[in-house]
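Asker: Counting the sequence shown from 1 gives a position; this note's numbering is that position plus 1.
Keep in mind that the hints were calculated from the coordinates and are not lab data. Do not rely on the hints blindly, as some may be mistaken.
Stated by the list, open to error - Computed list of lysine-lysine pairs in PhoX-like fashion (alpha-carbon distance at most 25 Å, straight line):
1. Lys-143 <-> Lys-124
2. Lys-143 <-> Lys-90
3. Lys-124 <-> Lys-62
4. Lys-15 <-> Lys-33
5. Lys-149 <-> Lys-60
6. Lys-149 <-> Lys-124
7. Lys-106 <-> Lys-143
8. Lys-106 <-> Lys-62
9. Lys-6 <-> Lys-60
10. Lys-106 <-> Lys-60
11. Lys-106 <-> Lys-124
12. Lys-106 <-> Lys-6
13. Lys-62 <-> Lys-90
14. Lys-62 <-> Lys-149
15. Lys-33 <-> Lys-124
16. Lys-106 <-> Lys-149
17. Lys-90 <-> Lys-15
Treat the numbers as computed from the prediction; the structure is a model and nothing was measured.
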Amino acid sequence: MSENKVPTPHIAAKEGEIAETILLPGDPLRAKYIADHFLTDVTQFNATRNMFGYTGTYKGKRVSAMGTGMGCPSIGIYSYELIHFYGCKNLIRIGTAGAMRPEVKVRDMVFGMGACTTSNYVKQFRLPGDYSCVCSYELLEKAVTAAKERGIPYHVGNILSSDMFYNPDLPQMGTSWDRMGVLAVEMESAALYSNAAYGGANALCILTISDSLVTGEVTTAEERQNTFTGMMEVALELA
């Protein structure tokens with residue numbers, strides 16, 4: 002199952018304690034929320050660095066949830082260890098994003114079919130060109146079906162993984178991301194998608210829009226942590 006011995010430097014789980022399908026919120030308290038409200042027969046497998054991780058059962062299927070922190074480097078560490086040391090096959094990021102286009106409304110769901118990026122994370126694979134970070138079509142198809150069944154407004158398309166949350170006000174240099182059809186901005190998916198491709202795993206990013214760069218509308222931190230349950234339900238159906 003694993004390349005090296007476990008536990009790893011960042012995950013305290015023993016071999017076999019993490020399911021093949023794992024939900025990856027950035028916020029570890031969102032992982033706890035999933036465990037408390039959706040899973041049965043739950044065991045906690047990680048608290049290292051307070052990055053909580055749990056495994057339980059959802060509709061008879063074994064599934065895990067663990068926080069990843071913020072940014073490509075953080076999810077890059079956790080997803081690499083989950084794939085290569087713990088044998089995870091389906092890694093589903095659930096998180097929040099800022100809308101970049103007017104048709105994408107606050108509280109809508111976005112499935113990241115592809116992840117553009119301003120990060121240098123992917124460049125460190127030393128490919129002889131620009132790599133297209135894309136999701137697993139198998140997971141995407143299932144997620145779209147689950148969203149349709151629940152009547153949840155959703156969008157499918159390109160997202161942007163940025164290393165900067167507070168972007169300075171700089172003069173416009175070149176074409177804008179929204180002009181190229183990019184739906185929303187977040188901070189992790191490019192690293193997850195490239196790690197999954199390198200490790201032969203499936204990955205998908207499911208986002209709920211927490212704020213809009215178009216209208217200025219925002220949601221509270223508490224709402225983002227505890228009430229964006231639609232994306233959790235859709236993600237759990239992929240187990």
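Asker: Of the hints given before, which are not true for this structure?
Answerer: Violated hints: 1, 3, 6, 8, 9, 10, 11, 12, 15; rest satisfied.
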